[in-house]
Structures are given as structure tokens and as C-alpha cells.
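Asks: Numbers given in my numbering equal positions in the sequence shown, counted from 1, plus 233.
By construction, these hints were calculated from the structure, which means they are not laboratory data. From a predicted model like this one, the values you see are computed outputs, not experimental measurements. Do not rely on the hints blindly, as some may be mistaken.
Claimed, not checked - Now the in silico label distances, taken between C-beta atoms and shown as ranges:
(1) A373 to E340: 22 to 32 Å
(2) D250 to A305: 36 to 46 Å
(3) G421 to E309: 41 to 51 Å
(4) A306 to R366: 48 to 58 Å
(5) E252 to K359: 13 to 23 Å
Claimed, not checked - Derived DSSO-like pairs: lysine-lysine, alpha-carbon spacing no greater than 27 Å straight-line:
(6) K386 to K284
(7) K299 to K283
(8) K284 to K310
(9) K241 to K299
(10) K299 to K386
(11) K299 to K387
(12) K241 to K283
(13) K359 to K386
(14) K284 to K299
(15) K283 to K235
(16) K359 to K383
We treat Cβ as the ideally placed atom computed from N, Cα and C, and that holds for glycine.
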Amino acid sequence: MKRCEWAKSELAVRYHDEEWGRPVHDDRVLFEFLILEGAQAGLSWETILKKRERYREVFAGFDPAKVARFSAARVEKLLLDPGIVRNRLKVESAVRNAREFLAVQREFGSFDAYVWRFVDPTGEGKARVNGWRTMGEVPARTAESDAMSKALKKRGFRFVGSTICYAFMQAVGMVNDHVVTCARHPDGGAAAEAAR
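Please put together the full structure from these sequences, using the hints given.
Replies: Structure, rendered in C-alpha cells:
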């Protein structure tokens, strides 16, 4: 199967094939990716994938209501756990972001309803499908991720810069950035077959 060139390790291939670019509308999963993308800042995504199961364990299955109640003592305990990224600002931001996440849910009914409007103003939750020929063409940020970052920061979220927001959009399928030759692109890699 033809894949995007970054999917090299067994873990990355599984993530590429089963998750990356697939539209997500489940608030718990959206919260998980929001926290993991923030944790990834300055690190490789492979590092985060390796730590993902431990994150799920220590961050209460990424239940935002539970994470929002984490105490300072709980944060200190997390900072001793080698199974996660032990960066104080990132761990503290996860707790703060959980609180802001709940505020968005109260205001909009769901985080899903709020966040997807950055790529689909109709509210139908449709992904933006791009037609990149190589991964080198894929941007690190877009006008949409700039807008999302600005809006989230205004609400008090942390570790939500535009590049992080764009990676989040890719991860949860708000944008489909599989290259056109990849079997996971909506064309099913038809461009690769046509080029033969």
C-alpha cells in the first residue's frame, strides 16, 4: 500500500492507516489530540505515540471533566512520571485546557461544534481535502489554523499556537493532508495509478 512518506515505523504506519486524517467528532478524542499535540511541541510525533498509552492512563482516559479537577499535588506527581513528557508548562496547560474545554462545551454544546467551524463554517463537519503531491508541499500552518489558534488563546487555552493547531486539524481529520499518491487520500491513491 502506498503511504505518505513520514509513515515509516510500525507505530507510525498504524497511526497513518487508522487515524491520521480521519474526521473525529467525539469530544473525548478531540481533547486527547489537543493535549497530545501540545505535548508534542518541540518533539517528534513518534515520541508522543510511544507515550500515548501512558498519557491515557495518567490523564484519566482524557476525560476533560476529570483532568480539570487535577490538583497541584497531582500535577507534581505527573512531573515525576517518565512515561509522559515531564514539562511543567505542558502538564499545567493540560489541566488549564481541560477547564477551558469544558467552558467551550457549555457554550457551544460540544467542543466538536465549536472547533470544526474553523474549516467548515456550514456546521456540517466536513473535512477540507487537500491535493498535495508531496509532503514538502504541506504547510505548517494556514489561515484557518491561525484563526483557531487566536480564538483558543483568547479563551485561555495554552500550547495552541498555529502550528500546533494545524497538526491538530490534520490529526482529527479537519483537513486531509494525505498526499494524492497515498492510498488514504480520498482518491485512494488514484493519482499514483494514473502516473504509471
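Asks: Please go over all the hints and tell whether each is borne out by the structure.
Replies: Comparing the hints with the structure gives:
1. A373 to E340: 22 to 32 Å: holds (29 Å)
2. D250 to A305: 36 to 46 Å: Holds, at about 40 Å.
3. G421 to E309: 41 to 51 Å: holds (49 Å)
4. A306 to R366: 48 to 58 Å: holds (51 Å)
5. E252 to K359: 13 to 23 Å: Given range 13 to 23 Å: holds, Cβ gap about 18 Å.
6. K386 to K284: holds (26 Å)
7. K299 to K283: holds (23 Å)
8. K284 to K310: Distance ~17 Å between K284 and K310 Cα, so the pair holds.
9. K241 to K299: Measuring from Cα to Cα gives roughly 35 Å; hence the hint is violated.
10. K299 to K386: The hint holds at about 22 Å.
11. K299 to K387: OK: K299 and K387 at ~23 Å, within 27 Å.
12. K241 to K283: holds (14 Å)
13. K359 to K386: holds (24 Å)
14. K284 to K299: holds (20 Å)
15. K283 to K235: Holds - the C-alpha atoms of K235 and K283 are around 24 Å apart, at most 27 Å.
16. K359 to K383: holds (22 Å)
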